[in-house]
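K.L.:
Each chain, letter by letter, is given below.
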Amino acid sequence: MQNVLEMSGICKSFPGVRALHNVSFSLRKGEVHALMGENGAGKSTLIKVITGVYEKDTGQILVEGKALHFRSPQEAQNFGIGAVYQEIMLCPNLTVAENLFIGRGQHALVNWKRMKEQAAHLLHSLDIPARPTQQLSSCSLAVQQMIAIARAIDMNCRILILDEPTSSLDEEEVQKLFRLMRELKARGVGIIFVTHFLDQVYEISDRITVLRNGEFIGEYEAASLPQFELVSKMMGKALDDVSQIKKEQPLSNQRGIPVYEAVGLSSTAGIKPFNFTIHKGEVNGFIGLLGSGRSEAARAIYAADKVISGEVKVNGKKVKIREPLHAMKLGIGYLPEDRKSDGIIADLSVRENIILALQVLKGFFKPFSRKQAELFAEEYIKSLNIKTASTSTPVKSLSGGNQQKVIIARWLLTHPEYLILDEPTRGIDVGTKVEIQKLVLKLAREGVSITFISSEIEEMLRTCSRLIVMKDREIAGELSGEDVTERDIMYVIAGGGTQP
Amino acid sequence: MNKMKIWNYQAFLPLLVLAVLILINLLKGADYFSISIINGAIYGNIPNILFGASELVILAIGMTLVTSSSGGQDISVGVAATITSSVFVRVVLNAHEVTLMTVVGAFLVSCLVGIAIGAFNGTLVAIFNVQPMVATLILFTAGRSIAFLIDGRLSPILANRITNQIGSVIPGVPVQTPILLTVVFIILFSILLKITNLKLYAQCVGINQKAARLNGINPVIVKLLTYIILGVCSAVAGFIAVTKAGRHDSVNLLRFVEMDAILAVAIGGNALSGGKFSITGSVIGAYTIEVLNRTLLRLEVGTETIKAFKAVFIIILMILASPVARGTAAKAVQWIRARCTGIVRLPASEKAEASEGSEVDLSVEKEV
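Going line by line, the protein sequences match chains A and B.
For the first sequence, the working numbering assigns the number 1 to the initial residue and increments by one for each residue that follows.
For the second sequence, the working numbering assigns the number 1 to the initial residue and increments by one for each residue that follows.
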């Protein structure tokens, strides 16, 4: 079969990060090719290299047999490569027809009548249930998504890239979208499909390419790759030097009143009601693929998202946690998944970032003296080995790993009883990862309860004595004991539910 | 090295500008710093600047806070001051006898009005997420009419000893009262920042609202609080302005002061998009604007054309403060340092650029 796109040896680095390393990818005419990988695997970077947003460092891109490289998305689009992203980038207050053609024509004058006719034709040919004169915002999300696709494929489209198009659609809408994809497929369009929903991958895709940590893992026929193997290929094994880390026999065996206990907890972020307990000195973890609800569960515990139901007990006492401050006052700390947008206060100093949570707990009218704040900051810079020029250095000028340590220091300073760490090791170097894992186990020995979330399955196995497996925004199963293996976890995630 | 950091470009710029302006004044006449004593009080160019800038300094302080927490500006401060001062005048004139107590009482009432105005603006911004400039546009438009109605469609005159002395000089005190009030205000404000976490909270909310919330800070309350504080600042500024003028002119009192207050924040090196702030910078910025106004007057620029000249000066200032110019300056400093120590650390291409920029910037530095 003819390859419409052929990429080989693609490398792309950003300052300090190797985003893609020797990645290959090929797309046939009239196929749906799923691009799979966990967060940070390099999917988005690869797409941006194809569409000309980024320029590749090395490697070759052949489009229909010709070596090409696009310098801008506009160039790629003119050549017939269309991309539709997760968030619909259309104008909701314009009509469907305007959205289909705006910014397209080279003419200063618009022939409204012709535009409407063309729009009607396009909508009809793709079987999209919308009228050209209808305002876009009055269409359902799925229809808007289809209009975005229609816009992308309008100009003799040869390659269509769909980046997480289904994340905000319900089941019926997904089916509508799939019908459109099949229609395009039949016309010979090559479709690159990025999603986190495994079932959808198998429903629509012909082939699957897996990336992990910027590396090419493999290209498979969808029919011959069991879901279980796909999960294991995506998660992979982290080859870090951690042989010295050993999980302690959990203190949680000595039962008693749980440090934290929730029944039927749910939040506006879409996590379905779940039950959860953690004991003193226990390390447990939410495990699952991205979008499985692992972060949303943690955020619900901390009330980072608005809690809508659930009964919560802390140390056996019934409490109401409505906002983060309540959780903090009950001795709960939370290290957010997205360090940059939820964690650091970028422009403020390392010192101010470290004392922030304790300062807020102490109160508005009781600021720490500069001297006291310096002492706190210096103590944790030393004990966590944070590399910073001084306590007054803006935290944004630190490396990712050191920024993460600053946030960990912020919570350690409050001496929490229960600490939630959501992806504390993401995007940081192996050495720091090991340090953080060791720290987690040390804290647990000292009696701190910890919930640990990570995309790396090995890391979770090493640190957690109990794993709560999440799937589709609810708990799919729970695994504990010394003999839990990656295989067990993947069976639960892949939908087996029970172990063979 | 550490000292260099404290004197970074941001703090350095307003002081440099101030120095240049004073130099121009000295070139015009060497008697710039001369003072005279009339009836036991000190007058002269410098005291006049301090006297004239009182309201602007106070408003700039409040504006800095609001800018930091909400990333936007309140354009109703001048109008708010007009309303609060109209209430002040009304209360004073309704009293049978004007004693110190009535004046203080009237001032406190006007502060309450200021708090109400701040709460109104703050609610729109913090709870309803209205753009600060749009939210405050409401009062900006309606405010002077409201003040006119409170005044009873008149321009009431404050003809009593106490308010006159507050607006000018108290016998036996060598410094004009508004200057003293401003100093007291700055001291009180510094104490406020010292004994509370206002600065930390406002900056956190301004830089990263989501992270601030996850660390237990309530962004809505913090923003509301900064607007309320600005409301009080407006009341104090209105009080000083009306006692200075001796009558309440709801059309012209503190007219266009909001733009100068925003400018003072910008000249002080504060980002108008919020976040980290320096009150000292804004205060210096406010005085710089006053010096600029008076310099232009001293250079006998006509009152009709003064605004055009002011604009030219501000354009130069803003270009110097822009990130582009700052980058060039940083490169220049690096280049000079490399020259001095004899170590060339810059790659050849950058060096060429840096040497180009350095010539421009050296000339500025030489002027000082």
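No lab work stands behind these hints, which were simulated from the structure alone.
Among the hints, a few may not be true.
Pair ranges (Cβ atoms, derived) [unchecked claim]:
id	chain 1	residue 1	chain 2	residue 2	range
1	B	L108	A	S369	49 to 59 Å
2	B	T280	A	S390	16 to 26 Å
3	B	G152	A	G270	52 to 62 Å
4	B	F12	A	S390	16 to 26 Å
From chain A, some residues computed to sit far from chain B (all C-beta separations above 10 Å) [as the list claims (entries may be wrong)]:
id	residue
5	H21
6	L62
7	E219
8	E221
9	G291
10	V360
11	V434
C-beta atoms are modelled at their ideal positions from N, C-alpha and C, and glycine is treated no differently.
K.L.:
Each hint: holds or not?
P.N.:
Hints versus structure:
Here the CB-CB span from L108 of chain B to S369 of chain A is close to 33 Å, at odds with the stated 49 to 59 Å. For the pair T280 of chain B and S390 of chain A, the beta carbons lie near 21 Å from each other, so the given range of 16 to 26 Å is met. Between G152 of chain B and G270 of chain A, the C-beta spacing of about 59 Å keeps the proposed range 52 to 62 Å intact. As the Cβ distance of F12 of chain B to S390 of chain A is approximately 20 Å, the hint placing it in 16 to 26 Å holds.
Against the 10 Å criterion, H21 of chain A stays outside the reach of chain B, whose nearest CB is about 27 Å from its own CB. At roughly 34 Å, the least C-beta separation between L62 of chain A and chain B is larger than 10 Å, which holds for a residue marked as non-interface. Listed as outside the interface, E219 of chain A is consistent with that label: its C-beta sits roughly 39 Å from the nearest C-beta of chain B, beyond the 10 Å cut-off. In this structure E221 of chain A is separated from chain B by more than 10 Å, as the shortest Cβ-Cβ distance comes to about 43 Å.
The non-interface label for G291 of chain A is consistent with chain B: the shortest C-beta to C-beta separation is roughly 20 Å, beyond 10 Å. With a least beta-carbon separation of about 4 Å from chain B, V360 of chain A fails to lie farther than 10 Å from that chain, contradicting its non-interface assignment. At roughly 26 Å from the closest C-beta of chain B, the C-beta of V434 of chain A stays outside 10 Å, upholding its exclusion from the interface.
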